[in-house]
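Letter by letter, the chains look like this.
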Amino acid sequence: MNKKSAIQFEARIITANMLVSGNVLYLDEKRCWDENIANAQIIKNDEDLARLNNMSQDAVMNSIIVGPYVMPVECHSAGLQPVSKRELIRASGPTIPTGFPEKGKPNV
Amino acid sequence: MALLITDQLIEDYWHLLEDGAEITKSDNNIVSVERWQRDRDELIPRCGQLGILLKSNEPPDLIEDDIYHFNVICLDFPKFTDGRAYSYARLLREKYRFTGELRAVGNVLRDQLAFMRRCGINAFEIPDDANVENWSAAFNEISIRYQGANDNANVVRPDAATVAGDVAGNWSY
Amino acid sequence: MYRYDQFDHTIVRERVNQFRDQVARRLSGALTEDEFRPLRLMNGLYLQLHAYMLRVAIPYGTLWSKQMRMLAHIARRYDRGYGHFTTRQNIQFNWPKLEDVPDLLADLASVEMHAIQTSGNSIRNVTADHFAGVADDELEDSRIYAEIIRQWSTLHPEFSFLPRKFKIAVSGAPTDRAAVRFHDIGLQMRQNIRGEVGFEVLVGGGQGRTPVIAETIRDFLPKRDLLSYLEAILRVYNMLGRRDNIYKARIKILLKETGLDRFAALVEEEWERIRGGALDLPLDEINRIRAYFAPPRYELVVDPDAAYQAARRSDREFDRWCVNNVLPNKQPGYGIVNISLKPVGKAPGDATADQMDIIADLAEAFSFDELRVTHKQNIVLGHVRLADLHTVWQQLDAAGLATANFGLASDIIACPGLDYCNLANARSIPVAQRISERFADPERLARIGAIRINISGCINACGHHHVGDIGILGVDRRGEEYYQITLGGDPADNATIGEIIGPSFSYDEIVDAIETIISTYETIRKPEETFSDTWRRTGATPFKETLYGPAHN
Numbered sequence: 001m002n003k004k005s006a007i008q009f010e011a012r013i014i015t016a017n018m019l020v021s022g023n024v025l026y027l028d029e030k031r032c033w034d035e036n037i038a039n040a041q042i043i044k045n046d047e048d049l050a051r052l053n054n055m056s057q058d059a060v061m062n063s064i065i066v067g068p069y070v071m072p073v074e075c076h077s078a079g080l081q082p083v084s085k086r087e088l089i090r091a092s093g094p095t096i097p098t099g100f101p102e103k104g105k106p107n108v
Numbered sequence: 109m110a111l112l113i114t115d116q117l118i119e120d121y122w123h124l125l126e127d128g129a130e131i132t133k134s135d136n137n138i139v140s141v142e143r144w145q146r147d148r149d150e151l152i153p154r155c156g157q158l159g160i161l162l163k164s165n166e167p168p169d170l171i172e173d174d175i176y177h178f179n180v181i182c183l184d185f186p187k188f189t190d191g192r193a194y195s196y197a198r199l200l201r202e203k204y205r206f207t208g209e210l211r212a213v214g215n216v217l218r219d220q221l222a223f224m225r226r227c228g229i230n231a232f233e234i235p236d237d238a239n240v241e242n243w244s245a246a247f248n249e250i251s252i253r254y255q256g257a258n259d260n261a262n263v264v265r266p267d268a269a270t271v272a273g274d275v276a277g278n279w280s281y
Numbered sequence: 282m283y284r285y286d287q288f289d290h291t292i293v294r295e296r297v298n299q300f301r302d303q304v305a306r307r308l309s310g311a312l313t314e315d316e317f318r319p320l321r322l323m324n325g326l327y328l329q330l331h332a333y334m335l336r337v338a339i340p341y342g343t344l345w346s347k348q349m350r351m352l353a354h355i356a357r358r359y360d361r362g363y364g365h366f367t368t369r370q371n372i373q374f375n376w377p378k379l380e381d382v383p384d385l386l387a388d389l390a391s392v393e394m395h396a397i398q399t400s401g402n403s404i405r406n407v408t409a410d411h412f413a414g415v416a417d418d419e420l421e422d423s424r425i426y427a428e429i430i431r432q433w434s435t436l437h438p439e440f441s442f443l444p445r446k447f448k449i450a451v452s453g454a455p456t457d458r459a460a461v462r463f464h465d466i467g468l469q470m471r472q473n474i475r476g477e478v479g480f481e482v483l484v485g486g487g488q489g490r491t492p493v494i495a496e497t498i499r500d501f502l503p504k505r506d507l508l509s510y511l512e513a514i515l516r517v518y519n520m521l522g523r524r525d526n527i528y529k530a531r532i533k534i535l536l537k538e539t540g541l542d543r544f545a546a547l548v549e550e551e552w553e554r555i556r557g558g559a560l561d562l563p564l565d566e567i568n569r570i571r572a573y574f575a576p577p578r579y580e581l582v583v584d585p586d587a588a589y590q591a592a593r594r595s596d597r598e599f600d601r602w603c604v605n606n607v608l609p610n611k612q613p614g615y616g617i618v619n620i621s622l623k624p625v626g627k628a629p630g631d632a633t634a635d636q637m638d639i640i641a642d643l644a645e646a647f648s649f650d651e652l653r654v655t656h657k658q659n660i661v662l663g664h665v666r667l668a669d670l671h672t673v674w675q676q677l678d679a680a681g682l683a684t685a686n687f688g689l690a691s692d693i694i695a696c697p698g699l700d701y702c703n704l705a706n707a708r709s710i711p712v713a714q715r716i717s718e719r720f721a722d723p724e725r726l727a728r729i730g731a732i733r734i735n736i737s738g739c740i741n742a743c744g745h746h747h748v749g750d751i752g753i754l755g756v757d758r759r760g761e762e763y764y765q766i767t768l769g770g771d772p773a774d775n776a777t778i779g780e781i782i783g784p785s786f787s788y789d790e791i792v793d794a795i796e797t798i799i800s801t802y803e804t805i806r807k808p809e810e811t812f813s814d815t816w817r818r819t820g821a822t823p824f825k826e827t828l829y830g831p832a833h834n
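Protein chains in written order, with this note's numbering: chain A, 1 to 108; chain B, 109 to 281; chain C, 282 to 834.
Hints listed in this document are in silico derivations from the structure and should not be mistaken for laboratory results.
There may be inaccurate statements among the hints.
In silico DSS-like pairs for lysine-lysine, Cα to Cα no more than 30 Å straight-line [as the list claims (entries may be wrong)]:
#1 Lys378/C x Lys446/C
#2 Lys187/B x Lys378/C
#3 Lys203/B x Lys347/C
#4 Lys611/C x Lys504/C
#5 Lys133/B x Lys187/B
#6 Lys378/C x Lys347/C
#7 Lys187/B x Lys163/B
#8 Lys529/C x Lys163/B
#9 Lys30/A x Lys44/A
#10 Lys163/B x Lys537/C
#11 Lys446/C x Lys85/A
#12 Lys133/B x Lys163/B
#13 Lys30/A x Lys85/A
#14 Lys378/C x Lys85/A
#15 Lys537/C x Lys203/B
#16 Lys203/B x Lys187/B
#17 Lys446/C x Lys30/A
#18 Lys611/C x Lys187/B
#19 Lys537/C x Lys611/C
#20 Lys187/B x Lys537/C
#21 Lys203/B x Lys807/C
#22 Lys537/C x Lys504/C
#23 Lys347/C x Lys611/C
#24 Lys529/C x Lys611/C
#25 Lys187/B x Lys529/C
#26 Lys85/A x Lys529/C
#27 Lys85/A x Lys44/A
#28 Lys537/C x Lys446/C
#29 Lys163/B x Lys446/C
#30 Lys825/C x Lys807/C
Could you put together the complete structure from these sequences and hints?
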């Protein structure tokens, strides 16, 4: 687990899994689905929420992603960090060393 | 909805009589169990044929003494995950000896057709836009049956004896 | 070992093609996720925390070397080089891609394996005594009947959309090693007063959020009626089991609502109608399957092997492993080797592809090509000559597989927990790792003796915490991982559900708490007492006092 730096503010982002691979994805600033939470688009207001939700639903309809949902994050000086332990582990992989390469971070 | 019987779309000459609707003389009506129990005396002496719809919480023993009145029994799958009607179908065929049309209605999906047929269902209400060829192909995806259901008789395989011989002869640790 | 004939090959091959088509339809968008989910689940494919997870069936835990090598191949080719053996004697791969799964399944089918009904509301992989065929106390090899049930239940048209999942276990020995009292149906082989062998049928057991010990629905069921009786139970359950609440959908809840007597009457009535019919199981068919499980061609060992005895005297580590991990086979001169997948500090039940290959090689060279996966997440080589034990041990040791902790404090059952699982509330694996590190000293392990520590990351109880001597249940307390401790559980003949001992402990506190419990047990036990014995004699008080202080009583 990352050590928490000072929280600057709390926000929300959208996450899902990629249909083909199952990989964890975040909707990013370039309207792409990205494996790196650092690039996730922050939902600033209700308009944002509606717009990003629509984009998610399009991606569901187009068989790109599965099960999108809004999740809370904390914005630190070091970047975005999920609030819940579940999402922390989901973002960074199992907490136990598997002896194998950790998740890659390519753009989708 | 379209009606699939033996790999073909058939025109459905039945219609569902709503519980409040007036009983007509000549139509082929499918009625609910509730309607049947209430208006049985009015429903029987008509010239139209009679069918009944069993909801997923209405097992066939509710109509066990009346089955000979029905040409069609519809089994409702309110959600495809509700599998009660598979057992109802087998009871209707094997316990109550119903030989008429056994029709799956409701949330009937392509990938369930084969299971339904193996339980004795022989008519399927499917979406109007379903591709009949594609849906019919679902019946033949698995050609082998490991167990007796409504469609075959025995757990013992036709070639069991030869297989056992092979094992004794060829397979050892 | 059961081997596929043309019949089995066809059904599995066709099932792969069917699933390939389903995946293609999903990827093309013709199937929605809601429509596809039950289809993929019927083929053991979950979408977990990080990725898809595929659960491969290992029927009654038995496999042969070629199959184990294929699992290694799959780990390398489609996954990240390892797999996780589960408490249901299966294996899970944590990272397959959906688009690869049809090819993966085709590879499995080439060695007579599949993932059919490893998930979904269907009859799951049938489990059996992992010492079937080699234990000296059994009436018959339970795998014969497990295989018969596997075939009957596979792609069952009537029972693929049950109210909830359905688990069956078979034990052929009076000592229950298959936890038959914690299954939806448990089959315990018994002899009746006429000397005939049949089954005591137990029904309605299970763990999960409502742990229940199964009750006997029939004292004696003749073998030929096995399938018709199972069908009668399943049909009654399929029609009457609750479908309005998944937490109340298991057969154990139905039994509570109807009462055993009424449920049994319904089953018997249905059974009377169908028995002797299409599902009649003639002796010829039983014998056909029995032939596959014939004992291997053991050598007649006249003298205890001198070199083996000498190795035990000279090599202390080897001797310790023999004492802890090797049990006598009913054939003189042979042993049952338990390969621990619980090395200190590692994930319980995990094996790398290389380890799988080594285990496969050893099974081929030294154990008649046969392997078993146990519900304690270890691997068994059932028939190793004592004379070969030292060689086997050396090779296991070189591969990190010779941990001498079978049945001891660090032989921990653990589910994948929050590190992998979508349902988990807390992590299981790191807790197991830390406990195994705390009890790494073999002398200390030996002093403590046999003890079962079972860890589940959530109330679904995949880590069998209800039946551990010490059960650990991960809970979420305001976003933090906490662990509730139960004591006194027993999966076997004295089936008992563990009792919650008190308030839960944090992630940082839990290992100390476990050590306190074990130290207390060591202090208060009488000679020859197991943990269960001590627990039954003393009750919770001494454990509560040491854990929470005297004030808590």
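- Would you mind confirming whether the straight-line C-alpha gap from Lys187/B to Lys537/C stays at or under 30 Å? holds, 26 Å
- Query: If you draw a straight line from the CA of Lys825/C to the CA of Lys807/C, is it 30 Å or shorter?
  - Reply: holds, 19 Å
- Query: Taking only the CA atoms, is the gap from Lys30/A to Lys85/A under or equal to 30 Å?
  - Reply: holds, 27 Å
- Message: For a C-alpha distance cap of 30 Å, please report whether Lys187/B and Lys529/C respect it.
- Response: holds, 18 Å
- Item | Given pair status - Lys529/C, Lys85/A, alpha carbons within 30 Å | holds, 29 Å
- Sort out whether Lys446/C lies within 30 Å of Lys537/C, counting only the CA atoms. Holds. Lys537/C to Lys446/C sits at ~17 Å (cutoff 30 Å).
- Please work out if Lys537/C and Lys504/C have their alpha carbons no farther apart than 30 Å. holds, 28 Å
- Message: For a C-alpha distance cap of 30 Å, please report whether Lys347/C and Lys611/C respect it.
- Response: holds, 26 Å
- Query: Given the hinted pair Lys187/B and Lys378/C, is their alpha-carbon gap at most 30 Å?
  - Reply: holds, 29 Å
- Query: CA of Lys537/C to CA of Lys203/B, is that 30 Å or under?
  - Reply: holds, 28 Å
- Message: Can you confirm whether the C-alpha distance between Lys203/B and Lys347/C stays at or below 30 Å?
- Response: Violated. Lys203/B to Lys347/C sits at ~46 Å, over the 30 Å cutoff.
- Query: Regarding the pair Lys133/B and Lys187/B, is the alpha-carbon distance no greater than 30 Å?
  - Reply: violated, 33 Å
In the structure shown, a violation is registered for the earlier hints numbered 3, 5, 17, 18, 19, 21 and 24, in ascending order.
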